Each structure stands twice: as structure tokens, then as C-alpha cells.
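Keeping their order, the protein sequence lines are chains A and B. Just so you know, the first sequence maps onto residues 37 to 589 in this note's numbering. Just so you know, the second sequence maps onto residues 13 to 654 in this note's numbering.
What the hints contain is simulated information worked out from the structure, not anything from laboratory work. It is possible that part of the hints are untrue.
Unchecked claim - Pair ranges (Cβ atoms, derived): (1) 235(A) - 67(B): 55 to 63 Å; (2) 269(A) - 306(B): 30 to 38 Å; (3) 523(B) - 165(A): 26 to 34 Å; (4) 443(B) - 487(A): 20 to 28 Å; (5) 67(B) - 269(A): 45 to 53 Å; (6) 301(B) - 79(A): 48 to 56 Å; (7) 264(B) - 309(A): 26 to 34 Å; (8) 37(B) - 309(A): 35 to 43 Å; (9) 37(B) - 113(A): 20 to 28 Å; (10) 487(A) - 317(B): 51 to 59 Å.
Unchecked claim - Under the rule of at most 35 Å between Cα atoms (straight-line distance), these lysine-lysine pairs were calculated in the DSBU-like manner: (11) 407(B) - 105(A); (12) 299(A) - 98(B); (13) 580(A) - 539(B); (14) 110(A) - 141(B); (15) 316(A) - 120(B); (16) 380(B) - 120(B); (17) 319(A) - 120(B).
What the hints assert, rightly or not - To give an idea of the interface, some chain B residues facing chain A are shown, with a C-beta separation under 7 Å as derived from the structure: (18) 305; (19) 463; (20) 510; (21) 542.
For clarity, every value in this text was computed on a predicted model and none was experimentally measured. Built from N, CA and C at the ideal position, the CB exists for glycine as well.
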Amino acid sequence: MMEDLVSIHMELRQFYGPEDSSSLQWMRWEGLEVLPSELKKIALGADCEELGAWMPLYSAVDVKDCMRKVQTLKYAEEACYNGTLVIKAFSSGLEIGTCNWTINGPKRNIAYISSSIFVSTHAMDFNFLGLQGNDLIIFSDFSTLDTTENMENDNTYCDPAASSNASDDLYNLEEIAASLLKDDESMEEMEKLAFICTCAFDSVRAGGSVLVPIDRLGIVLCLLEQMSLLLESSSLKVPIYIISSVAEELLAFTNIIPEWLCKQRQEKLFSGEPLFAHVKLIKERKIHVFPAVHSVELLTNWQEPCVVFCPHWSLRLGPVVHLLRYWCSDPNSLLILESGDDANLALLPFKPMAMKVLQCSFLSGISLQKVQPLLKALQPKLLLFPKDLRCKIQISEANTIIHYSENETLCMPSSKESTEIYIATDLASQFHWKTLKQETVTRLDGELFMDQGKHRLLSGFRQADSKQHRPLLHWGSPDLKRLLTELSKMGITGTLKKNMDSAESKNAAGIIDIDDPEKALIDVRETGTVIITADENLASHIFKAIDIVLDGI
Amino acid sequence: MAIDCLVLGAGQEVGKSCMVVSINGKRIMFDCGMHMGYTDSRRYPDFSLISKNGDFDNALTCVIVTHFHLDHIGALPYFTEVCGYKGPIYMTYPTKALAPLMLEDYRKNMDRRGEDEQFTSDHIAECMKKVIPVDLKQTVQVDKDLQIRAYYAGHVIGAAMFYAKVGDAAMVYTGDYNMTPDRHLGAAQIDRLQLDLLITESTYATTIRDSRYGREREFLKAVHNCVAAGGKVLIPTFALGRAQELCILLEDYWERMNLKVPIYFSAGLTIQANMYYKMLINWTSQKIKETYATHNAFDFKNVRNFDRSLINAPGPCVLFATPGMIVGGFSLEVFMQWAPSENNLVTLPGYCVAGTIGHKLMSGKPTKIDLDKDTQINVRCQIHQLSFSPHTDAKGIMDLVKFLSPKHAILVHGEKPKMATLKERIQSELGIQCYCPANNETVTIPSTHYVKADASGTFIRSCLNPNFKFSTCSSTDKSYLDSNKSKAVSRLSVSDDRATEGILVVEKGKKAKVIHQDEFLHMLGEKKHEIQFAYCFPMHMARTEDLSSTSHMLCSFDKCTLISRLSMILSDELSEGNILDLGEELQVESFHVSVCSSDNCPHRLSSSLQNGSESVFFCCHWSVADEKLAWKIISIMKNSTL
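Whole structure, please, built from the sequences with the hints as guidance.
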């Protein structure tokens, strides 16, 4: 789709502008720099959102380079970043491949909900159950922002089953899920498509042509199916043209991705039928696909009235511009637009228009009355909700709601204080435990792994000789008399020489002079002991003796 | 806790793959296949071993099928529709799409052989409705505790290895797989996983194969020679998999050689299958995938449907006929007609199950085959055995086992003596406990569990900083390609003692806690008592001329010279430890050594200076962690001369 945008933009530049993309001098607005500051502010916009926000379009090479950096994932595939974060995508139902994300880390589980549709006519349904078990939800579906719907007093919410349930305070996930998945919305969408098709049909019957510059792939695919069905059922022989540089590839692609489609489409795979009807229709030459409006095949095949699907919805770029100019004075022809920001502005260059215009809005997110039950099903501890939607709906399902708005950083309170560590039991059973006054302690062993957001302590691949257990940390102070006894048990004899400097201190500090079996010195002080000997064996025996009289780990 | 594996099929044999694994209270059946070599009750796994009273829904959590070959899925409709299992069944999208074709084709052929039909067309359709399709790498939550995931296995389209995890225990069941890409599929791919158990196929437990291209050429030459001489080529295959692979191969060859000899598919089945293949092109190899928009590789130009009337039509042709291995049905019908002529050719796959005609043709060169007591077939045609196979070879199996490094491995789907050889190799070369159980045996292995503890921030932070120790150790490395030769190699080993700085504290009634050793004493309210070793001793000097007159008055420059000389000696002789030259001091881990100029050094045991000016005293101290290293350094120092 980005390539298509680049190619139609290129075409536009061939007609109207410099072909060389590097010479976009004018876009730096050097002329504006010399304007007085007040004027400049008006021209650039307060936050540079007017002329100041203009940017050159990326190139085909940029698209390729960018896509090379993208790691693709399947739905519910785990991508582990740095061993710490497990990132997963779940279908959102809006379009083929659209998704919501979950990020699981050692300290918090986050779900991000974008515009989602519960039951889709083509793409895999909104998998909201996959988003369960996350303590923080970022709600980011702004599709209802421009609607006039309002949910402030919950009066419009008239599902008696669910509301009585809410008062019972009974949490019944299955029931909520069933009510969310009631496919009244998708029925409504299908009806809309049927209505569009009948309008189109009326136009072609009257001898006019139909122009559809809608860019939503799923809607285009469904319209293709329904429209050709309708045309087939009549005696009218009206061709359907698709004009786009990427249409052929896109149509071929939509037929090899059963894993990304809704249940009904997947059933087609299992019964050996093509996933979308356009495969058959292209073969039967009912749908014709052309890369550009000036393709030779198009010119030789062209036949009116006809139905044309082509970009771009802005009506400023692509084949639609030519066709709109051609048909705008024909009162029998029909233009089908998705209602957007300002249709008036979009149609301005083509006025006065005799052509009929049909504006339709399609479902493009979670409807307001489904937000509350959805959050009830997901049970987040913490909810981040857009400030802009606050006046539309009152949320009561989350423990804490924090409202967010653009360009504002929020700090979330931490949910878990300490990090958990998972110790393999086969390793733990080899630990050398030591009982102190209140607690049992042991030094850890093995190797610590950070994997799938979990700290795991596993037995490492160590050589056998390092298995020898030696306390590395000691505390307290040794009793010299006991030390001498322990030494003599080992067959080591020595005499105690009181150290004059520390004679006054209570703790026994001093030097033990060993002469059997070898010469050695043990210099015991308050904070440490030094073993001085030339014999490895003796050194280790003395260490053992000190270890016995001291506490160590 | 343990993992129990009950082998219901493919134990020490190939056929009716079926393994029931109990793992942390969940019970999963992997594959539900049939044996092509039997027509009696031995054809299906003995399901009564799963549940005496036939309540399979409670006895099993789910069934997972790896791919659509009959020896992996053939008993599934029987198990669900006749035995009554109603629980969830998982398989990949292509398997779900193509399995009914395989089953239906088999059922029809069995009809013709006049056997008891064990399941009907409706059974197949009802059975497939229970199947939940999965995508590769998609993590499926079967229930609260059981997670499964499919990985690409090559072998046939949609074939998958399955990973299953319950709590802390995890395992992989490979099904059949191929570690090298073929004409239409990629090689098996899997993540590095922490596994308690790997159950792997071992069809080619001892074979090592070279490149497949030479073998493909052999096949093409045999086919070309036969059709050039006007002969007919019979390729008995199952409807899916091998048929498409060979067809891509032939199609390509036909184009290149500009051949016009017709290629037929029997009964239109494979042509219908190609429709599925076209939609499932994402599951094929990268090379084929890339061409989907312009030309779908499964749009065969030279392929036609075969009609029974063409069997005795004159002229050469190539025919793909089902079922494979000439088990019966149409391929047998054609074989009976074509086998008596020496002009004709029959190609057989690398592996045929014992008991099939294919197996008989491959073992020796029979001139006559007795079909039953009344029918005898004269065999004069040429036989070509395909020597490329969609199964991994022994090297591939070893590579996979080594890569996954599971705690235990179980071999299935192979021949008993070869499996025993492979088992020995896995145990001796990889040090992994390995089993090859027979049918209806149960193998029990222990599984991993974890205990949870809270870790302090200090410990976690200290673990973020690497604390590597490098050492060279020599070990005997047995190369598994040639296990007789072993050579000693010296290699750098890296150890990291981060974890050992942690201390686990368990207090009654409180959650276990891991803290850093520095925090530990503070917690106890005690003071550290450090135990050190020290030793000050003389070292021989070779020449003292260039140093100042006596060792008593060494200036700092001379000390540095001595230390750097010592450093050189140590770095030559010491294989481990990181030697740091700090000017007047040398440090190896906690071992410190410096030139001692004090006659009254408390670390000296005898103050008498032997050999006077020819030696100089070095004072060393170290802590217990580096005890071994310290004594090694001291012995090096005592035995060398500066």
C-alpha cells in the first residue's frame, strides 16, 4: 500500500512537478522565513501544523529499507526482547493482520487495545480473550471520538441481561463474551454493503458508472463479491475494473493467507474453495485488473457503464482524479466515499458536480456500549483511558483509571516490589543449607538465566572440582581456645601468643604459632584472620578449623 | 513429578504413530495413526490402554496431530467417531485442509479391497469439524495450564513439531521432519527451548545422506529413458506430499527438455489437492513462496487427469497413482497391467512398510509376486527406487537433539536395531538419557520444577553486571561424525559466578528471599570476618647486576621491573586467571603479590635469607576462593628464576 502511494505520487509529480525528488527546495519554506513573525506564525501554524508540517513523501527505496528492519510475527507468537519482555500480537478484527499487543515483563503485564471489531466480515475476529490477565490496559480506540453517541448516563445501554448481571455483581465471563460477540454489528455492516451495491446497481442500470476510491481492503473485497453477485443476478453485463499498481499482487496475496481470516473464510479453505470470490471472477473475466489508467489493456477493454475501484481516497492522487473529472458532470454516475473529515473540501476541485455522491461510514472500532463489558471481561487493575473520550463514557470497571492525552508522559505506580526468581528444584536439592537462629540459609549455585521475562536459576555446566563446597563469607570472631582444640583434633599443634596491642580488647585476638606438622602462623584480629604457611595442605586444614569456630556461608 | 509416555504405536517400528504423554496432570495424545501393513486389529493403536471404560474425554486433555500422513492421522476418525472421543484436536491449517483428502482416498481404496470399513465419509467430515487449526509459532492456550506451539517441520506441507508446556515441565514431539529443504518445502525450524523431553522420529537412524541433486537427476534420467523408449512410468504415491514434489521436479524437467509426453494424475485427486496447495503456498519453501503473484508453482502445465481407459492406450506416459507403496486400489490395478512389460518403469519411494507390494519389490528382484492364492503377477518391468526422502537423516537427528539439548530423549518411528545404535550415540556423545520403548510400553522420566523466591534489588542489579572468569580447560571432544577418534582439545571456558554471590534465606512463615551477600551480614547484624591466606617467600634471581646493589634497597623502578618479569613468567605458565600488572603489584583474581622489602614482614615464616643477594622476597596474599590458583602460582614462582 505504501508502494502504491509512492507510485501514484510519482505519477502526479510527472504531470505537475519536478521529477527529481531531491530538489524539493520549496518545501523548506525559505520564503516564509523572511516574513514578519506574526505572519510567519499564521502561515506555519501555531505548532507548525499548517505549512510547517509539510514533508516530502518517502521513496520506494525508503519503503524497502524500512520493511527490511521489520520482524514479522504471527498472531499469538511470542517475541522475546532481550530476554526480559515477551511481546505478543492478538487479532483486533479491524482488517487483515491488524492487532492489539501485549507486553509481559518481570514487573508488569500490559495490554494495548487499538481500534477493534468484535466480529469481522473478512479478517480474524477481535481476540479479546487473549488480552486477559494483564494488570495494565492502555485503551487506544479513538474511533468513537467523532461520533455523536454519548454514554454518559448509561441510559442508552439497554441490554437487560447484562445490566441485571452487573447489579448482581456476578462475574460471568462466558455471558459477557457471548454478548460482545453477538454479531449484530457485522450484520449491520453487511446491510450497509448491500445498500451500497443496490445504489451502484441503480446507477449502472441508468447508464452511469460507479467510482469507488475506498482504501479499506476488507471492504473493497467484500464489495467486489457482493457487487458481482448482484450484477450476475441481473441481465446487465457491467464490467468491474480495479486500477492500481499493486492490485494484482494484493489480490493474489489475499488468497494465500487463510490463517489471517475470519472463520467463514477459513471454512472455504477446508472445503477447497478460494478464500475470496475475486479469484474466480478474474478468471471469468468479470473483474479486470490493471496497473494504471493508461494501460493498453484497459484502453482496449474499456466499456461503459462500469464499476471502478481505484485509489486514492483523498481524490487528489491516482486514477480517481482522471475518472472523477470525466464523470463529475454525469448525473447518472455515482461516487462512493467513506465519510471522513471534509467531503466538501475533497470535492471542491470537481465542483459543480452533477454526479451523485454516496458517503458511508463503516464500523471502525469498538462501539461505546461495548467498552464497559469489554473492560469487565478483561479486569485490569489499572486502566489508561484517553482524556478526550472521558466525556463520552464513564468507566467503573478498573480499580484505577488514569486519563492520558497527547504529548504527556505518565508515570505508573509500580505493581510488584521485588523480582521473583525461579529456582530449579533439582538444583535447590543440592544446596548446602545452614540453620541460623531464626532462618535457614544457603549460598546459591548454578547459573542465572533471564528468559521469557523470568529469572531462572538452573544448574550450570560446571566442572566437578568446583562442586567442593567452601564458605566464602564469615562473620563473628573466633574463640582462640576452641580454635586450638579444633586444630589439635586435626593433628596440628600450636601455641597461643597474645598480641600485646589488642590485649585489652575483650575478643580474643592474637597469633597462633604452629610448628607441627609444618611451620605456620595464624594471625587472628577483630575483623579478620590471616593464615600464613608454605604448605597447601596445612593451609586448607587451618581454614577448615577456623571455619568450624566461625559462622560462615 | 514425572512425565509418563505411553507408546501406543511407532514404538521400535514405522506405522500407526501414537504417543500418550501425561505431563503435570495433563494428558496429550500425539498423533493417531494407522499401520499400513496390517488389516486386522493391529492396524489401529490399542486405545483401551488410555481408558478402560472408554471415557476418553476425561482421560485426555487434547489430541495433537503433526501431519496428514496416514500413519499419523489414519486412526483419528475411528477414534473420534467410533470410539467417541469428543475433546479438542489440534493440527496446522494445511493438515486440517488436506487430511480429509488423504483419509477419503484411503477409505475408497479400502472399499475396493473389500475390507471392513472402519469409518465412513461422514465420520471423516464429523471428525474434521472437531479440529482446531493452528498457525506456526502461535502459542495456543489449550486450557489454563497447557500451552502448545507448532514449529515448521518440512517433511510434507503443514507438517509440524509440537511443543507442549504444563507448569514448569516442557517437551517437544517432532512427528516426521526434514532438516534439509527439498523442491517445495523448507527445512525444519525450532527455537532453543528448555525441555525435559524430546520425542523424535528416527526413520533414518543410521543413514547419512549427501546432496539430493544427484539423486534427483538419477530419477529424472530413469523416467526420461523409459518414456524415450516408449515405456510407461508408474509412480505410486499417496495423494499429497511426494506427488507434488515429484511433479514440480518433472514439470521443470519437461520444460527444460521440451518433452511432450503426458503426465497423468489418477482420479483427479491430486489435481484437487493442487487447489489446496495454491492457497497454502505460505507453508512451502521461500523460493516457491516468492513467485506466488506471478506464477503459482502448483499450476502444473503438463498435467492431465487420467482415465481408466488410458491404461492400455499406446504410447509413453507418466502416471501418478494412489495409494503409495502399492497397498491396493488403483495403483495396484495399474501395476498388474504394466508390470509384465520390460519397457515400463515403476518408481518406489525410499521407504515402504513391510507387508506391502512396494516392500516386496524393493527387497530383492522378484520376477513373480503372489497377490493372493489365485492371482500372480509377472514382474518384468524396471524398478527404480527413489533415494531422496522427506525424512531427516542421522546427522539431522543428532543436530536437532544437540540443538535442543533436552534432559531426556525418546526415539520412535524407526527400526529397532538402528534405533539402538542412535540411542547409544545420543547417550555417549551428547550425554542425554535416551530411550526407545516398544509399543504399549510406558517410559517415565522426571520433570523440572521450580521454587519461587523473591530477589532483592541489589542481587538483581549485581547480576546485571557480568562477572566472567576465563580459564582454559582441556577436555576430550568426541566428534560424533567419527566416534572412534577422540582428540584432546584445549578450549577457553567462561564461567560466571554471579549467582553464587546470592544467598537464599528461608524463614518460617515467610516467603523465601534471595539477597546479595553484602546485604546478608547487615540483615544478621553481624560484622564480616575476613579469612585470608598470606605467604612471603624468596624467589631465585638469575642476574642481579642490573638491579641496585641489594634487595633491601630496591627502588620502585626495580620493583616494577621484577613484577613485569614475574608477570611474563606467569602468563607463559599459567593457563587460567586474568593477570593484572599494577606496577608494584601483580594481581590474579584475589591473589596479590608484591616485592617485599621489609625484613620483619609478618607473613614470613623464616627470616633468614638463603643465598643472600641471589633472591628477592615476594609477599603474597589471597582469599579462599582462589586457593587452588594461588598455590599453583606459588609453585610456579618457586620453580622459576627471575
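Okay, the hints, checked on the actual structure:
Taking the beta carbon of each, residue 235(A) and residue 67(B) are about 58 Å apart, inside 55 to 63 Å as hinted. At about 33 Å, the CB distance of residue 269(A) to residue 306(B) agrees with the hint of 30 to 38 Å. The given range of 26 to 34 Å is respected by residue 523(B) and residue 165(A), whose C-beta atoms sit roughly 31 Å from each other. At roughly 22 Å, the beta carbons of residue 443(B) and residue 487(A) sit within the given window of 20 to 28 Å.
Between residue 67(B) and residue 269(A) the Cβ separation comes to about 52 Å, which falls inside the hinted range of 45 to 53 Å. For the pair residue 301(B) and residue 79(A), the supplied restraint of 48 to 56 Å holds, since their beta-carbon distance comes to about 50 Å. Taking the beta carbon of each, residue 264(B) and residue 309(A) are about 28 Å apart, inside 26 to 34 Å as hinted. The given range of 35 to 43 Å is respected by residue 37(B) and residue 309(A), whose C-beta atoms sit roughly 41 Å from each other.
Here the CB-CB span from residue 37(B) to residue 113(A) is close to 27 Å, well matched to the stated 20 to 28 Å. Between residue 487(A) and residue 317(B) the C-beta distance comes to about 53 Å, which sits within the given range of 51 to 59 Å. A C-alpha spacing of about 34 Å is found between residue 407(B) and residue 105(A), which places the hinted pair at or below 35 Å, so the restraint holds. A hinted pair counts as satisfied when its Cα atoms are at most 35 Å apart, and residue 299(A) with residue 98(B) qualifies at roughly 20 Å.
Only pairs whose Cα atoms come within 35 Å are accepted, and residue 580(A) paired with residue 539(B) is accepted, the gap being roughly 20 Å. With a CA separation close to 24 Å, the supplied pair residue 110(A) and residue 141(B) stays within the 35 Å bound. Proposed proximity of residue 316(A) and residue 120(B) is supported: the alpha carbons are some 30 Å apart, at most 35 Å. Note on residue 380(B) and residue 120(B): the hinted pairing holds, with a Cα-Cα distance of about 27 Å set against a maximum of 35 Å.
Proximity of residue 319(A) to residue 120(B) is assessed by CA-CA distance (about 32 Å); at most 35 Å being required, the pair is judged to hold. Evaluation of the residue 305(B) hint against chain A yields a held restraint, the C-beta minimum of about 4 Å falling below 7 Å. Annotation: interface hint on residue 463(B) holds; nearest CB of chain A at approximately 5 Å, less than 7 Å. Annotation: residue 510(B) was flagged as interfacial toward chain A, and the flag holds, the nearest CB pair being 6 Å apart, inside 7 Å.
Because the beta carbon of residue 542(B) sits about 4 Å from the nearest beta carbon in chain A, less than 7 Å, this interface hint is met.
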